[in-house]
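Chains as they are written, first to last, in the numbering used here: chain B, 1 to 87; chain F, 1 to 521.
Among the clues, some could well be false.
[Said to hold, decoys possible] Subject to a maximum C-alpha distance of 35 Å in a straight line, what follows is the list of computed DSBU-like cross-link-like pairs (lysine-lysine): (1) B:K83 <-> F:K259; (2) F:K279 <-> B:K2; (3) F:K252 <-> B:K83; (4) F:K499 <-> B:K83; (5) B:K83 <-> F:K245; (6) F:K517 <-> B:K83; (7) B:K83 <-> F:K486; (8) B:K2 <-> F:K468.
Derived by calculation from the structure, the hints in this document are not laboratory data.
One letter stands for each residue in the lines below.
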Amino acid sequence: MKNEHQLRSEIRQFVLDDLLLGDTASMLDDDESFLETGTLDSSSVLEVVMFLEHNFQLTVQDRELVPENLDSVNRLVQFVMLKTHAA
Amino acid sequence: MLLDRYLHDSAQRHPDKLALVCGERRVRYAEMEQGANALAHGLRALGLRRQQRVAVYFDNSVETVQGIFATLKAAGVFLVVNPQTRGDKLAFILNDCNVRVLLTGLSNFEAVASDLAACADLHDVVLFDWEATQPVPPAAAAWAAAGRRLHSMSGLLAPQPANLPVTQSISLDLASLIYTSGSTGLPKGVTLTHANMVAAATSITTYLRNEPDDIILSPLPLAFDYGLYQVLMAFRVGATVVLEKQCVYPYKYIKLIAKERVTGLPIVCTISSMLLNLKDLEEHDFSSVRYITNTAQALPERHVTRMRALMPRARIYLMYGLTECKRVAYLPPELIDSKPTSVGIPIPDSEAWIEDESGSVITTPGVAGELIVRGPHVMVGYWNRPEETAQALRPGRYPYERELRTGDLFRQDADGHLYFISRRDDLIKTAGQRVGPLEVENVLYELDAVKEAAVIGIPDETLGSAIKAFVALRDGRVLTEAEVIKHCQKRLERFKIPKRVAFVAELPKTSSGKICKEGLS
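Chain B extracted, bound-state conformation (with noise of 0.2 Å):
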C-alpha cells in the first residue's frame, strides 16, 4: 500500500501534468481549490476519477463526486488514503 507521501507526489504529478497540463507556474498549493482557481471543468472532473480508479485501484461512487473529496490535492490525498484504508 502506498504511504502518504507518495499518493501526494503522485496525485501533485497528475494535477501538474493532467491538468495543467505541464505548466509549472500555475501548480496550486495543496489546499487550494480547484474549483475557485479554474483548474476543473466538468469534463476534466471525469479525468480526476479515471485517474484516482487507474491509479489507486479504487472505484469512486458517483455520490462520492463532490468537492469535499476532489476540489484541492490534500482532499483528493485524503480521500484516497479513507478509500484505501477502508477497502
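Since chain B is already given, all that's left is putting chain F on it; use the hints.
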C-alpha cells in the same frame, strides 16, 4: 421601465425574501438593494457619469450581482467579463468600450494588472476581497505608482448611504454590453438598452410562468447572457437564485436541488450529460422541479426522455436564441413529444420568419432560409462596429426600425414551428458558448512550427460541438498535441481550447489557395 427597478421593486414588495443563495451566503432582497445602492453611490463618488462603462471581472457571486445593479443605479452601463478571460483580451475589451471602473477580486487583478496598464480610460479598480488594512500587493503598488486608483470595496462603501440614488436614466439608455465572439476573431460588444433587456426578461418570464416562489439553480456564468438573465428574471418576479460558480461536481448540484427545493433548472447540454452519466439518479429527490430550460445547443432526444422520466412534473422548454436579441423562440412544453427537435415559436411580443436569399418570406414547409427577427428585444448594434452592425441589423418595416439577421438557417413545418438547421458562418457553439475559429487559429499560428491551421467543430454529445484543430507543421519541425494544447491554454479561455489536435501534411485548399474546411472531420 428601467432594469434596475427589478431589484428595487422586489425589495419594496418583499424585503425579507431571499434574493440570492451563493455558497454559504443567503442574501435577502432588502440587503441586496441596500448593497447595490451603496455601491452605486460609491461609483458616483469615483466620478462615474451617466452611461459610462463599468466592467465586472469576477466569478458568479453576490458581489458580481451587486456590481451589475449598482452600475445601473448609478446610470452606468455594465459588462460582465468571464474571469477566465486572459489579460490581453480583457484589456482589448476594456479599451474597446472605454471602461472607466473595473470591479474585480485581488487574485484576478494581480493576474491581469500588467495588461491593464494599456487601458487609458480605466481610472479606478475596486477590489471586492481586499481590505486597505492588508499589505498592498505588488501589482497594486505598481498600479498606484502609475497614477491609477485602487480601492477596497469595504473602504469605498463605508461612507456611502444605502438609499436609492436619484437617476436620470430612461429606458432608451444603454444598460449593458455583452461581448461575444465574432467571425473576425475579435470579440464585439452586443449593445443593449434597458428597454431591450426589460422586453426580453418580460417575454421569457411570461412563457416560463415564473413566480415569486420560484427558486432557480444557476451554475451558468453571469458573463453569458443565459446566466445573466437568470438573475434579471428572478429579480423581476421576486424569486430566488441559487447561484453556483460552475457545474463541476454533479453531486453538489443534485444535493442543492433537494436542499433548496429548487423549482427552475436552466441547463445546457453539458450539464444534462454530466447528470445523466450518474448511475443512481432515481434515488434522488427532484420533486420540487417545475421547469427545465435548455438553450445554446440542442439537447439529444434521449436526454429529454430521461429528464422527463426523472422529473415527471417538470415542464421542459427547448429554446433558441442569440445574444443579439437574447432569445428568439421556444417550444411550448406540451409539444415536446410531437416535435422534439423543434425550437417552436417566436417568444411573446416578437416576430420571426424565414427568408430566401432574395429576401422573400418562405412559408413552404421544409424549405431552408435565414431566420429574421423583429421585436423590442433586438439589440441597438455592436459597440463601435458600424459595418458589422449594418450586416446584422437591416432597415426594418418602418423607418425607425431595424430587423435582426440571425445568420442561422432554419426551416419550418406545416404549423409554422421552427427547426434550426445550421449556422451560415463557421462559428462553433461549444458548451453553450460561441467560438470564432479564427481566434483559435490565430493562437495556433503564434507557434513558430505551425505552417497552416484550421479549426472546426465536431459533433460531441457533451459539448454539442467540440473544437478540433488541424495543424500542418513546417518542414522538419515537431510539435505534440500536448504542446499545442498547452500553448492554447495560456492564450485562450478554457472553452476555446481545442479538445483534439490532428496533424496533417497539408490542409485542403480551394483553387484560389484558401484553406478549405469542407471535408475536415
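Of the numbered hints stated previously, which ones are contradicted by the structure, given in increasing order? Those not satisfied are hints 6 and 8.
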